[in-house]
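Asks: Taken in sequence, the protein lines are chains A and B. If you're matching positions, the first sequence starts at 884 in this note's numbering and goes up one per residue. If you're matching positions, the second sequence starts at 339 in this note's numbering and goes up one per residue.
Please keep in mind that the hints were generated in silico from the structure rather than gathered at the bench. Glycine included, every Cβ here is placed at the ideal spot set by N, Cα and C.
List time: in silico DMTMM-like cross-link candidates among lysine to aspartate or glutamate, alpha-carbon distance up to 20 Å: (1) B/Lys416 x B/Glu473; (2) B/Lys416 x B/Asp438; (3) B/Lys441 x B/Asp419; (4) B/Lys441 x B/Glu368; (5) B/Lys441 x B/Glu473; (6) B/Lys416 x A/Asp983; (7) B/Lys416 x A/Asp942; (8) B/Lys416 x A/Asp1021; (9) B/Lys441 x B/Asp367.
Covered stretches of chain A, going by a simulated chain B footprint (3 or more residues, C-beta under 8 Å): (10) 909 to 922; (11) 929 to 943; (12) 950 to 963; (13) 968 to 978; (14) 981 to 994.
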Amino acid sequence: MSDPNTNLPKTHLPNPNLDAAAAMATEVPQAAALGFQMVSAADARGVMHVPWREDLVGDPQTGVIASGVVTSLLDHCCGMAITATTGERRPTATLDLRIDYMRPAASRAGVTVEAHCYHTTRSIAFVRAHAWDADPADPIATAQAAFMLAGPVGPGTGGAA
Amino acid sequence: MTPEDHLRAFLARAPYINFLGMTAELAGDELTGILPFSPHLIGNTLLPALHGGVIGGFLEMTALAQLAVTQSTPRVHKTIDVTIEYLRPGRALTTYARADLRKVGRRIANVHVEAWQEARSQPIAALRGHFMLAED
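Isolated chain B, as found in the complex (with noise of 0.2 Å):
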């Protein structure tokens, strides 16, 4: 299976993914997730701004996904921790995270996300986390 085939998978496979409407694409095997504004992603009417759940799911989303992506198995990685700065309000639009892969071991993963809005060097939030690598 191609990187294409692994993303393409991991994103059918969770109801939860597609309730976000949460898409990704590849450039190679770097993964940036997408998260398209939709009125019911509103934690906050007044500003509007996204939910910080929702912030939070997409990252964690993100880094399941890029390590679907890499350390491709049949069976999903678990999330054993992570912890979520926020940064800015995630605003009314579209919202990119990428994910670094900091330290990929034999059963638990360290990995950082970082989502933004209109520009990268202005950071939305940002995602630390280990993951548990499922084995084949």
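This is chain A alone, in the form it adopts within the complex (with noise of 0.2 Å):
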């Protein structure tokens, strides 16, 4: 008699927008194979970070973290920062993700990236972000993205996007 719906269920914890992005970091199976770890989540952003790893380096002469890496973190970190706008984790789809890429990170560094979803319409969120290795102030990529919202998670949005 098991319940065909398998949502998350409903939690009652203090913050419920912590949970819910704290839940992005380690059920997604691409966020877990990275190693993403949430930093913070309120007020429209979210923070993440993936620690350096041997198997995500993009050039071995240099020992940098590989750009893919970075693409997804703040992909994700961008669905996170709605999370922490709608209070609730509705299903998204990226429309269009643009990155600038500043300068490499450091060698053996890992990254961070604070997303901001800085407008929603009932639809359509619009969401900036950036990441760094070591200072927040020296940015090694900035991104701004929008994405479609899908209705509450519930039977039948599996094919919102």
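From the two separate chains plus the hints, produce the assembled complex.
Replies: See below:
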């Protein structure tokens, strides 16, 4: 008699935003595979970190983390900022993502991203993000993205994208 | 070195390419990036769908691989900017991508890449980007 609706259980922790956001870092297979860590999620902003790892390097001569890892972190953190805005974990589909690479990260350095969901309509979220290795004021990359928002998680919303 | 040698060297160089599980094939000097499906690439478990960052990273690596084949240098070309457009969900299938070198100047290349799964006429994502060409 198992319920076919496998939605996340409703939790009543002090900060449901934080709870839903933390789940994004651990439950999504790609985020778990890259080792994403949630730092904070509140007030339409999300911060996430990916530690440096040997198998995530783009150029072994320099030991710098691959830009693809930064792309995943930027995309994922933008989604977390949306969760921190709407207060619920709604399915989102990325429409577009523009990334400017200012400079390579330092050798053997992890990367942190802060994303800000600065505007939402009923169906679209607009997000800006920047990534840094040591100092938030000295970014390695900046991003601008638009996301389509599906309805609240529930039966029949699976094909939203 | 032949184009095949340049491609092999490119694919073997970056641990991240191995993390993705990406490979590539050449027809003459035209490259097709190949990304077999793997569970760790999933970004949405409900659909399930590939992570947007995986698709973006794969498109960018395909652009860099094509540049490594046609503009070969011992050093790595660097990404300046990319714009990724997501057209359809990336399903739990093998993804292919082909890069079009729109303009290769002395220092900068403009590259368009398109990714598809079952039908090339139904792309799942596209990338436009600028790349700084490494000097010899």
